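Enquirer: Let's have the full structure, built from the sequences with the hints guiding it.
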Amino acid sequence: MDIKTLERLQKLNQLNLTEEETDTLLGFFETAEKDAEILSTVNTENVERMVYVMPMTNIIREDIAKKLFTRDQLQEQAPEAMDGYWQVPRTVD
Amino acid sequence: MKMYIAQTEKSAKNIVVDDMILTTDMPTSAGSKMLDGYISLFQAEAATKLTDAGYKVYAKANTGEFNLDLMGETSYYGAVETDGVLTTAAAKAIKDGEAMAAVTLEVNGSSARGAALAGLTYVKPTYGTVSRFGTIPAVCSGETVCVTAADAATAKEVLWAVKGHDDKDGTSLPQEKCVFDEVKEIKKVAVAKSLMTGDVTKVEEMKAKLSAQGVEVVEISAEELLLAKSAWNILMSAEVCNNVSKYDGVKYGYRTPNYTDLDSLYTNSRTEAFGYLTKSVILFGSETLSEANYYKVYDKAQRIRRVISEAIAKVFGEFDAILAPVSSKSAYTASEAVANPYMAYEESLYIAPAMITGLPVVVTDGVQLIGPAFSESSLLALAEKI
Amino acid sequence: MKYETVIGLEVHVELATKSKIFCSCSAEFGGEQNDHVCPACAGMPGMLPIVNKKVVDLGMTAGMMLNCDINRVTTFDKKSYYYPDLPNAYQTTQWFSPICVNGRVDIETSNGPKSIRIKQIHMEEDAGKLVHDDWSDTTLVDFNRTSVPLIEIVSQPDISSAEEAIAYLERLRDLLRFAKVSDCRWEQGSMRCDVNLSIRPEGSDVLGVRTEMKNMNSLSAITRAIKYEVARHTRALETGSEELVQETRRWDDNEGKSYAMRNKETAGDYRYFPDPNVMPVVIDDEWFDRIEKSLPELPEVKRAKYIDELGLSEYDADILADSRALCDVFDAAYAVCGNAKETANWIITECMQVLNKKKMTADMLAINGTSLGQLIKLVMEDKVSRPNAKRILASLFDKDIADVEEFAKQSGFIVSNDTSFIENIVKEVIAGDPKSVADFKGGKEKALMALFGKCMKQLKGNANPQVLREILIAEINKI
Numbered sequence: 001m002d003i004k005t006l007e008r009l010q011k012l013n014q015l016n017l018t019e020e021e022t023d024t025l026l027g028f029f030e031t032a033e034k035d036a037e038i039l040s041t042v043n044t045e046n047v048e049r050m051v052y053v054m055p056m057t058n059i060i061r062e063d064i065a066k067k068l069f070t071r072d073q074l075q076e077q078a079p080e081a082m083d084g085y086w087q088v089p090r091t092v093d
Numbered sequence: 094m095k096m097y098i099a100q101t102e103k104s105a106k107n108i109v110v111d112d113m114i115l116t117t118d119m120p121t122s123a124g125s126k127m128l129d130g131y132i133s134l135f136q137a138e139a140a141t142k143l144t145d146a147g148y149k150v151y152a153k154a155n156t157g158e159f160n161l162d163l164m165g166e167t168s169y170y171g172a173v174e175t176d177g178v179l180t181t182a183a184a185k186a187i188k189d190g191e192a193m194a195a196v197t198l199e200v201n202g203s204s205a206r207g208a209a210l211a212g213l214t215y216v217k218p219t220y221g222t223v224s225r226f227g228t229i230p231a232v233c234s235g236e237t238v239c240v241t242a243a244d245a246a247t248a249k250e251v252l253w254a255v256k257g258h259d260d261k262d263g264t265s266l267p268q269e270k271c272v273f274d275e276v277k278e279i280k281k282v283a284v285a286k287s288l289m290t291g292d293v294t295k296v297e298e299m300k301a302k303l304s305a306q307g308v309e310v311v312e313i314s315a316e317e318l319l320l321a322k323s324a325w326n327i328l329m330s331a332e333v334c335n336n337v338s339k340y341d342g343v344k345y346g347y348r349t350p351n352y353t354d355l356d357s358l359y360t361n362s363r364t365e366a367f368g369y370l371t372k373s374v375i376l377f378g379s380e381t382l383s384e385a386n387y388y389k390v391y392d393k394a395q396r397i398r399r400v401i402s403e404a405i406a407k408v409f410g411e412f413d414a415i416l417a418p419v420s421s422k423s424a425y426t427a428s429e430a431v432a433n434p435y436m437a438y439e440e441s442l443y444i445a446p447a448m449i450t451g452l453p454v455v456v457t458d459g460v461q462l463i464g465p466a467f468s469e470s471s472l473l474a475l476a477e478k479i
Numbered sequence: 480m481k482y483e484t485v486i487g488l489e490v491h492v493e494l495a496t497k498s499k500i501f502c503s504c505s506a507e508f509g510g511e512q513n514d515h516v517c518p519a520c521a522g523m524p525g526m527l528p529i530v531n532k533k534v535v536d537l538g539m540t541a542g543m544m545l546n547c548d549i550n551r552v553t554t555f556d557k558k559s560y561y562y563p564d565l566p567n568a569y570q571t572t573q574w575f576s577p578i579c580v581n582g583r584v585d586i587e588t589s590n591g592p593k594s595i596r597i598k599q600i601h602m603e604e605d606a607g608k609l610v611h612d613d614w615s616d617t618t619l620v621d622f623n624r625t626s627v628p629l630i631e632i633v634s635q636p637d638i639s640s641a642e643e644a645i646a647y648l649e650r651l652r653d654l655l656r657f658a659k660v661s662d663c664r665w666e667q668g669s670m671r672c673d674v675n676l677s678i679r680p681e682g683s684d685v686l687g688v689r690t691e692m693k694n695m696n697s698l699s700a701i702t703r704a705i706k707y708e709v710a711r712h713t714r715a716l717e718t719g720s721e722e723l724v725q726e727t728r729r730w731d732d733n734e735g736k737s738y739a740m741r742n743k744e745t746a747g748d749y750r751y752f753p754d755p756n757v758m759p760v761v762i763d764d765e766w767f768d769r770i771e772k773s774l775p776e777l778p779e780v781k782r783a784k785y786i787d788e789l790g791l792s793e794y795d796a797d798i799l800a801d802s803r804a805l806c807d808v809f810d811a812a813y814a815v816c817g818n819a820k821e822t823a824n825w826i827i828t829e830c831m832q833v834l835n836k837k838k839m840t841a842d843m844l845a846i847n848g849t850s851l852g853q854l855i856k857l858v859m860e861d862k863v864s865r866p867n868a869k870r871i872l873a874s875l876f877d878k879d880i881a882d883v884e885e886f887a888k889q890s891g892f893i894v895s896n897d898t899s900f901i902e903n904i905v906k907e908v909i910a911g912d913p914k915s916v917a918d919f920k921g922g923k924e925k926a927l928m929a930l931f932g933k934c935m936k937q938l939k940g941n942a943n944p945q946v947l948r949e950i951l952i953a954e955i956n957k958i
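Residue numbers (my numbering), protein chains in the order written: chain A, 1 to 93; chain B, 94 to 479; chain C, 480 to 958.
Where hints are given, some of them may not hold.
[Said to hold, decoys possible] With a straight-line cut-off of 25 Å between C-alpha atoms, the simulated DSS-like cross-links for lysine-lysine are:
1. Lys-914/C <-> Lys-270/B
2. Lys-103/B <-> Lys-149/B
3. Lys-34/A <-> Lys-389/B
4. Lys-66/A <-> Lys-532/C
5. Lys-497/C <-> Lys-66/A
6. Lys-34/A <-> Lys-286/B
7. Lys-608/C <-> Lys-66/A
8. Lys-11/A <-> Lys-126/B
9. Lys-914/C <-> Lys-888/C
10. Lys-67/A <-> Lys-862/C
11. Lys-389/B <-> Lys-4/A
12. Lys-558/C <-> Lys-4/A
13. Lys-11/A <-> Lys-957/C
14. Lys-558/C <-> Lys-389/B
15. Lys-532/C <-> Lys-67/A
16. Lys-906/C <-> Lys-920/C
17. Lys-706/C <-> Lys-593/C
18. Lys-939/C <-> Lys-888/C
19. Lys-66/A <-> Lys-34/A
20. Lys-261/B <-> Lys-925/C
21. Lys-608/C <-> Lys-67/A
22. Lys-422/B <-> Lys-34/A
23. Lys-497/C <-> Lys-261/B
24. Lys-66/A <-> Lys-261/B
25. Lys-261/B <-> Lys-67/A
26. Lys-933/C <-> Lys-923/C
27. Lys-149/B <-> Lys-280/B
28. Lys-11/A <-> Lys-693/C
29. Lys-869/C <-> Lys-261/B
30. Lys-862/C <-> Lys-878/C
31. Lys-869/C <-> Lys-936/C
32. Lys-925/C <-> Lys-957/C
33. Lys-66/A <-> Lys-659/C
Keep in mind the hints are simulated off the structure, nothing from the lab. Here the structure is a predicted model, which is why all the values come from computation and not from measurement.
Expert: Right, here's the structure in full:
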């Protein structure tokens, strides 16, 4: 882990760290990477990944449309909304 | 300590829920500035079930941000201490006699630690037996709604009120799996040497109590349990990174006043509203999922999850439960927890085996008993006996 | 040097479902902004995704229509990136185990027949819509389309010209519309296309630098964009006018130019991982067979059958075979009445007239074909007159009528076979219009038509014209 990777990660996750936070985090990443190293010593060649601890299949629903809430209810706590739209600074592309 | 009191009337049926359980009459903030004052349009299935069963969801208990920390010290609303010792708001509400029980979302061990250090009884049921509908998502593959109370009988009573199948949760088990009324006597308990680090006084005391009750206690090595912490921290961070990315200052919640364009709106809102631990978890989690690391780190952790799961299943072939500590120390101060933001990463050593496998845990007398899936009744019966 | 073009297409098709893929909001096109939205598709915490079964049905249907292998175990994954049209900051899609793989679409161009291989089809959720508001200089966000179910059909880079790309897209559209997977309307965004393009020296087996143009929404724009990009790549390779880089470009159809899109540094790191909230979908034999049985005959098979077996004109067969809705009504009606030509006429002329009045397209024809067959049979048996049959047809558009003859009786639309009743009416009319009778007898054929019309009106159209005419002439002759 280096500063450059950390900068890329911040950008990717829309976060800014202070210089002090960056230093602490680099230390943390070192510890965290040790975690990853511990795992790499275990042979998992014939082990399936375990995404679900209590696996089931076909949890599906019928195609029925329902309306739960009104637009006004959904936008009641919007930081900024106009004419029934959520509003953000103008985007390019 | 932040407690939203919805009903002031004192009642023996008062239940406190934590800041990860959505309610419509009180704000739900996940302990974060990001969701300060956020009111959900719908409530958690667990809250509905409590009300339907005649309980009163009377207050909201403070949590650490997204419940990731040691015991609430990262909360936007500050840590809770009793006599200079860090505790969770939920545990305090029970100790103070305000609430008969607490229903909280166990994400990373804070509820278990809060209960253990306050000498309360806690039950984290088998994953999928209590609906997660209406809980603030953090680590969906492992987090579970759990119950804390002064004694095992009360914990059981409240767990029985909230458990059950829910069509609104795609990981909710079928109703017949959520019954688990059968009590099997616990005769043989394993103590995993790999988890016997730090202050193990309470475990030693429990060993003595169990032996006195005629329960056979055997030390086993179970080295695989040590892997749980590393694997859990990876899976936990990755899922949290993904689940909290929706908080961006656009739809609801905190929006920075300092922005000139979309990018600065996103970045400044998140930077100003998230605490340091959350930020660290996001960045580490993101890195575990990056193209370069996915198979080496994240996917590997998913495979290790199965290794651990199978190792524990093997233990349960011979033993009825695993006895282990809940934390490395018997008390923490808020200042030491704040000073070491990664304490929760280290302390997850103890709770990770049950979090990563979704197995039930009962905390009693300051220790935890991990059982096979659906063994809640047996674990609680043992806790009641000793 | 001669170059060849290598094109792969990623086609997004919105599925014809009533509700969204993971929540129960309406998936209908249109509606007021943010009217088809709930906490889940507005990115609020606490709701959990439950897969819409119809999405899997349609995903399988698409795969079978495109000759794919169906993955019997299919799973959902999360793809993370920030954009205001993506309220959760992740899209749930299929990265590790898509529902369909290894398909094929056969096309026909001026160079003859060719097969385009399909790499995979995966199910995913759509993003919302952004509206740029000049007045406030902000972007407005509408989540109505957020989480509407999509399939993405990814072709192999087997396409080598704009003509082939268009033939492939048209064929895809025909097949998916015919199987009722989607209405595939470019203008409503229910069909969209990303174009991946590179060029290389003819005969080379090394791929050139690839550029991607996203969200193309018309065939003409795709043709122009492909031609433009081929020219740009060729010029770059031949003259070194620019260095080609692998990038995503936006096609501006008004200017007829493509532009590089910004945000390059973070693009590509989508951090896919399996969604632990969505359990795997396992397609057993029963489910597989049910979908397989529901597949329609291909449009060209229908067309050939209509011409060769039922004797329809090419013109009629073309119109019918262009729309699954018309075919369904035709097949059901023909099964009842047994007259293909009549049935085709009733659909192509009469039904289309009603649809036009309602400003609806052929695909929207939703009348009960069996009822239409009964109606045609009543006309063929002279039990209902044509004008009255058209009135009954109008009713078929409004309601489901299981027994059309009974309906006709109740509505007073059954032709009378009671000749004495007709004779009485004829006598009354003749008695009331001696002038016309005299005119007819004086040789004016037209006068007979006037009398005929009066009789028919009195009979409310419920008489066999031939019978009425015979009785009318007989009665006049009696005078």
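Enquirer: Look at each hint and say if it fits the structure.
Expert: Here's how the hints hold up against the structure:
| no. | hint | result |
| --- | --- | --- |
| 1 | Lys-914/C <-> Lys-270/B | violated, 92 Å |
| 2 | Lys-103/B <-> Lys-149/B | holds, 10 Å |
| 3 | Lys-34/A <-> Lys-389/B | holds, 13 Å |
| 4 | Lys-66/A <-> Lys-532/C | holds, 15 Å |
| 5 | Lys-497/C <-> Lys-66/A | holds, 10 Å |
| 6 | Lys-34/A <-> Lys-286/B | holds, 22 Å |
| 7 | Lys-608/C <-> Lys-66/A | holds, 21 Å |
| 8 | Lys-11/A <-> Lys-126/B | holds, 21 Å |
| 9 | Lys-914/C <-> Lys-888/C | violated, 35 Å |
| 10 | Lys-67/A <-> Lys-862/C | violated, 48 Å |
| 11 | Lys-389/B <-> Lys-4/A | holds, 21 Å |
| 12 | Lys-558/C <-> Lys-4/A | holds, 23 Å |
| 13 | Lys-11/A <-> Lys-957/C | violated, 102 Å |
| 14 | Lys-558/C <-> Lys-389/B | holds, 19 Å |
| 15 | Lys-532/C <-> Lys-67/A | holds, 19 Å |
| 16 | Lys-906/C <-> Lys-920/C | holds, 16 Å |
| 17 | Lys-706/C <-> Lys-593/C | holds, 20 Å |
| 18 | Lys-939/C <-> Lys-888/C | holds, 13 Å |
| 19 | Lys-66/A <-> Lys-34/A | violated, 49 Å |
| 20 | Lys-261/B <-> Lys-925/C | violated, 75 Å |
| 21 | Lys-608/C <-> Lys-67/A | holds, 20 Å |
| 22 | Lys-422/B <-> Lys-34/A | holds, 23 Å |
| 23 | Lys-497/C <-> Lys-261/B | holds, 19 Å |
| 24 | Lys-66/A <-> Lys-261/B | holds, 14 Å |
| 25 | Lys-261/B <-> Lys-67/A | holds, 15 Å |
| 26 | Lys-933/C <-> Lys-923/C | holds, 17 Å |
| 27 | Lys-149/B <-> Lys-280/B | violated, 37 Å |
| 28 | Lys-11/A <-> Lys-693/C | holds, 23 Å |
| 29 | Lys-869/C <-> Lys-261/B | violated, 49 Å |
| 30 | Lys-862/C <-> Lys-878/C | holds, 22 Å |
| 31 | Lys-869/C <-> Lys-936/C | holds, 16 Å |
| 32 | Lys-925/C <-> Lys-957/C | holds, 19 Å |
| 33 | Lys-66/A <-> Lys-659/C | holds, 22 Å |
Of the hints listed earlier, those the structure fails to meet are numbers 1, 9, 10, 13, 19, 20, 27, 29, in rising order.
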